[in-house]
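Engineer: Taking my numbering, the leading residue of the sequence shown gets 1, the next gets one more, and so forth.
Keep in mind that a hint or two might mislead.
Pairs of lysine to aspartate or glutamate residues, derived as DMTMM-like cross-links and limited to a Cα-Cα distance of at most 20 Å, are as follows [as the list claims (entries may be wrong)]: (1) Lys91 with Glu38; (2) Lys91 with Asp70; (3) Lys91 with Glu18; (4) Lys91 with Glu72; (5) Lys91 with Asp75; (6) Lys91 with Asp40; (7) Lys91 with Glu44.
Okay, the calculated beta carbon distance ranges per label pair [stated by the list, open to error]: (8) Gly65 with Glu22: 32 to 38 Å; (9) Val47 with Asn6: 29 to 35 Å; (10) Trp71 with Ala4: 30 to 36 Å; (11) Arg23 with Val74: 17 to 23 Å; (12) Asp75 with Ala4: 31 to 37 Å; (13) Ser83 with Cys7: 19 to 25 Å; (14) Tyr77 with His39: 36 to 42 Å; (15) Asn6 with Tyr77: 24 to 30 Å; (16) Gly85 with Arg23: 30 to 36 Å; (17) Asp40 with Arg86: 18 to 24 Å; (18) Thr3 with Pro64: 28 to 34 Å; (19) Val74 with Val2: 26 to 32 Å.
Treat the hints as calculated values from the structure; they're not laboratory data.
Using N, Cα and C, we set each Cβ at its ideal position, and we do this for glycine too.
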Amino acid sequence: SVTALNCGVVEAIRLAQEIAGERDVQIISADIARQALEHDLIDELQVFVAPVFLGDGTRIFDVPGGRRIDWELVDIYSDSPRSFGRTYRPKGRHRPRV
Numbered sequence: 001s002v003t004a005l006n007c008g009v010v011e012a013i014r015l016a017q018e019i020a021g022e023r024d025v026q027i028i029s030a031d032i033a034r035q036a037l038e039h040d041l042i043d044e045l046q047v048f049v050a051p052v053f054l055g056d057g058t059r060i061f062d063v064p065g066g067r068r069i070d071w072e073l074v075d076i077y078s079d080s081p082r083s084f085g086r087t088y089r090p091k092g093r094h095r096p097r098v
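Make a model of the complete structure from these sequences and hints.
Structural biologist: See the structure below:
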């Protein structure tokens, strides 16, 4: 189900974690994920790569002057001959709870 919220990203993720309990909360929007990164609310990042040549695009986590976050690669997987994914976690960070 989908619920529209009228609050900031910190409160929205807190509500999602409360509803999810022990299950994962997935953020599919690059903009919301970028905001969550700014508040240290991401404990795992999955990047899916499907080689399609678009010619141009926008950097989804581009924050000029933003703080650097170091990530460690924890998994590489391929579910299809046309794409693959990687899972990263922030170095030295435990799962955040708001």
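Engineer: Confirm or reject the claim that tryptophan 71 and alanine 4 have a C-beta distance inside 30 to 36 Å.
Structural biologist: holds (31 Å)
Engineer: Quick check on a hinted range of 29 to 35 Å for valine 47 and asparagine 6, using CB atoms only.
Structural biologist: holds (30 Å)
Engineer: Hinted pair, alpha-carbon criterion (20 Å max): lysine 91, glutamate 44. Please report holds or violated.
Structural biologist: This hinted pair holds, its Cα atoms lying about 10 Å apart.
Engineer: Using the beta carbons of aspartate 40 and arginine 86, state whether their distance is inside 18 to 24 Å or not.
Structural biologist: holds (21 Å)
Engineer: Does the structure keep lysine 91 and glutamate 72 at a Cα separation of 20 Å or less?
Structural biologist: holds (6 Å)
Engineer: Would you say the C-beta atoms of tyrosine 77 and histidine 39 sit inside 36 to 42 Å of each other?
Structural biologist: violated (28 Å)
Engineer: CB of glycine 65 to CB of glutamate 22, is that within 32 to 38 Å?
Structural biologist: holds (37 Å)
Engineer: Within 20 Å, alpha carbon to alpha carbon, are lysine 91 and glutamate 38?
Structural biologist: At roughly 15 Å apart (the allowed maximum being 20 Å), glutamate 38 and lysine 91 satisfy the hint.
Engineer: How does the Cβ-Cβ distance of glycine 85 and arginine 23 compare with 30 to 36 Å: does it lie in that range?
Structural biologist: For arginine 23 against glycine 85, whose Cβ atoms are near 20 Å apart, the range 30 to 36 Å is violated.
Engineer: Cβ-Cβ distance between asparagine 6 and tyrosine 77: within 24 to 30 Å?
Structural biologist: Roughly 37 Å apart at Cβ, these two residues miss the hinted range, so it is violated.
Engineer: Quick one: are serine 83 and cysteine 7 within 19 to 25 Å, going by C-beta?
Structural biologist: violated (34 Å)
Engineer: Is 26 to 32 Å a correct range for the gap between the Cβ atoms of valine 74 and valine 2?
Structural biologist: holds (30 Å)
In the structure shown, a violation is registered for the earlier hints numbered 3, 13, 14, 15, 16, in ascending order.
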